[in-house]
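**Q** Residue-level listing of the chains:
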Amino acid sequence: MGVDATSGHKAQSDLSRHEADHPSSAVAHFAAHEPLMLDSGFALAPWQIAYQTYGTLNKDRSNAILICHALTGDQHVANVNPVTGKPGWWTSMVGPGKPFDTDRFFIICANVLGSCMGTSGPASLNAATQNPWAVDFPVVTIRDMVRAQARLLDRLGIESLFCVAGGSMGGMQVLQWASTFPDRVFSAIPLATGAKHSAQNIAFHEVGRQAVMADPDWHGGHYRLQGIRPEKGLAVARMAAHITYLSEGALHRKFGRRLQDRAAPTFSFDADFEIESYLRYQGRSFVERFDANSYLYLTRAMDYFDLADDAGGKLAAVFKGTKARFCVASFTSDWLFPTRDSRAIVHALNAAGASVSFVEIETDKGHDAFLLDEPVLFATTRGFIDAAARARHLPEASR
Amino acid sequence: MNDHSSRVDLLLVADMIEKGARVLDVGCGDGSLLQILTDQRQVDGRGIELSQSGVNGCVAKGLSVIQGDADTDLIDYPDDAFDYVILSQTLQATRQPREVVKHLLRIGRRAIVSFPNFGHWRIRAQVAFLGRMPVTKNLSYAWYDTPNIHFCTIRDFISLCDELQADVEKAVALDRNGSAMRMNLPWAVWNMFGEQAVFMLKRHGIK
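Those sequence lines, one after another, are chains E and P. Throughout, my numbering is defined as the position within the first sequence, counted from one, plus 749. Throughout, my numbering is defined as the position within the second sequence, counted from one, plus 50.
Errors might be hidden in some of the hints.
Claimed, not checked - Partial pick of chain P residues on the chain E-facing surface, computed with a CB cut under 7 Å:
| hint | residue |
| --- | --- |
| 1 | L100 |
| 2 | G104 |
| 3 | V105 |
| 4 | V109 |
| 5 | A110 |
| 6 | S114 |
| 7 | Q117 |
| 8 | T122 |
| 9 | I125 |
| 10 | D126 |
| 11 | Y127 |
| 12 | P128 |
| 13 | K152 |
What the hints assert, rightly or not - If you want the ones that stay clear, here's a sample from chain P, every Cβ over 10 Å from chain E, calculated:
| hint | residue |
| --- | --- |
| 14 | R96 |
| 15 | N106 |
| 16 | C108 |
| 17 | A143 |
| 18 | R172 |
| 19 | M242 |
Quick caveat, the hints were computed from the structure, so don't treat them as lab data. From a predicted model like this one, the values you see are computed outputs, not experimental measurements. Cβ coordinates follow ideal geometry from the N, Cα and C atoms, glycine included.
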């Protein structure tokens, strides 16, 4: 690796550390007397939530859409990411004329509680100690994330959301919104998600957390005080997780057994195969932008998620009486949140008499398909959003 | 399926449904009937469709449709969840038609079932005189690739209704041109000359 690459790497990780407390997006601050009450019983204060908005809120305040991001996502849905310099993570879905049309709707995306891009989390400064929270930060849940978002909406003066949408961990937040704040959700789009985290998914997360914590640079979570980060552990965690976001078919199609810049195996443990080189790159670039402790907290939040727990184990009871309309989508090659997880949600919604649409989209792109160019997903979302907008008496799209 | 006659079939079903009712269309295809019901009858409509392309098309039109199978997924619906449950031109493609009709009667206050009549004289004639499995304009599949695995005649269907203790509230047979046949004709005539039948059923004893 050249000198330039190393200094670029350093610059990006410095940037990401800075973003944790001073995000380059809007921030809502909540003072010591405005605590966020968490499921763990902890009263978090002061705290802050960083967010981006796109489009214009209409006079009736009826056209707001909340986008919920996934595990390692952030609030930069449709603008250049301030840390990576790359385009927003959902520019395929959010923008002028896109299914989430910024010409028609007021789009909000907030960094989730426990993350590291400006909303309070383990990477943020603990006002009491003037050190980073690190592992002293309280363990948070998906419901805590949603409560924090609701507090933000209160600040913005938005009583009812036209739509809540998101995939994976974002989809969990969507379902939690519909359950915790049924009167504030007009429509909901949970994508590639489940009403609970499966044993297999918890197992994968545990491997990732153990990789981070086994890295001596983790220092019991207080690596920032040592001026160091558990880069190797977090990279391994990301590499393992990344495999679960893809599918065997896509790996075979993209990489097969092809060798990386060489004609023959080197009889060493160098990255001989393209897939190895690709995973190492994924691991490397992830540690530059993401906080290792945040990774522990957010994976934990997903593990704890079991929506039916809110209603004595009966998922249908969670949605009883809901007036929201739902659009559920799964992808055929997603083995992290397989179609049967989405079907369980759909069955519960049907049993609750809710209005629900459900599509299973044929693709070999695995779990990550919800982030990628999937025309069927665009058409489905557009059709659902347009019908919901008519039902809410919002003006038609101008184009 | 013949476009003209299928349209008549849809309109006939639509005519049976009250405005603003809660409707489930089982096997809703491309959503034509749900669209008609939504536009003309302002129903609260839902659909189940087996084919992915059908579902995707419906949802893109803004209809509330889920991917599912009449044979396996009706069990998830609670009793009396809908005013009307419709099974339009799908009965003959189900694996367990008897169970499916039972579920329709359980889920809906009324069940509307339409199906091609296998007792029509042209079909009888093909089997009787040509010794071949029938292929007609409305039933255009060859025996080896047909999705239609459980054909019945109007008479067969009526005896199934008796077995399930379902009351026939309305029944219409369509002739070859897609026009409704006169109501006062005996079943045997319908069974011979009706190409399609539409039945509205309810559980015996409910209002």
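**Q** Now tell me if each hint is right for this structure.
**A** Hints, verified against the model:
1. L100: This hint is violated: L100(P) lies away from chain E, its Cβ roughly 11 Å from the closest one there, beyond 7 Å.
2. G104: Violated, about 10 Å.
3. V105: 5 Å, holds
4. V109: 5 Å, holds
5. A110: 4 Å, holds
6. S114: 5 Å, holds
7. Q117: Status holds, d = 5 Å.
8. T122: 10 Å, violated
9. I125: Given a least distance of 9 Å, the restraint on I125(P) is violated.
10. D126: The hint holds - D126(P) has a Cβ within 7 Å of chain E, the shortest such distance being about 4 Å.
11. Y127: 6 Å, holds
12. P128: Hint holds; P128(P) Cβ to chain E Cβ min 6 Å, cut 7 Å.
13. K152: 18 Å, violated
14. R96: Violated, because the least Cβ-Cβ distance between R96(P) and chain E comes to about 7 Å, which does not exceed 10 Å.
15. N106: At roughly 5 Å from the nearest Cβ of chain E, N106(P) sits no farther out than 10 Å, so the non-interface label is violated.
16. C108: 8 Å, violated
17. A143: 20 Å, holds
18. R172: Since the minimum Cβ distance to chain E is about 39 Å, R172(P) lies beyond 10 Å and the statement holds.
19. M242: 40 Å, holds
Checked against the numbered hints above, the structure breaks hints 1, 2, 8, 9, 13, 14, 15 and 16 and satisfies the rest.
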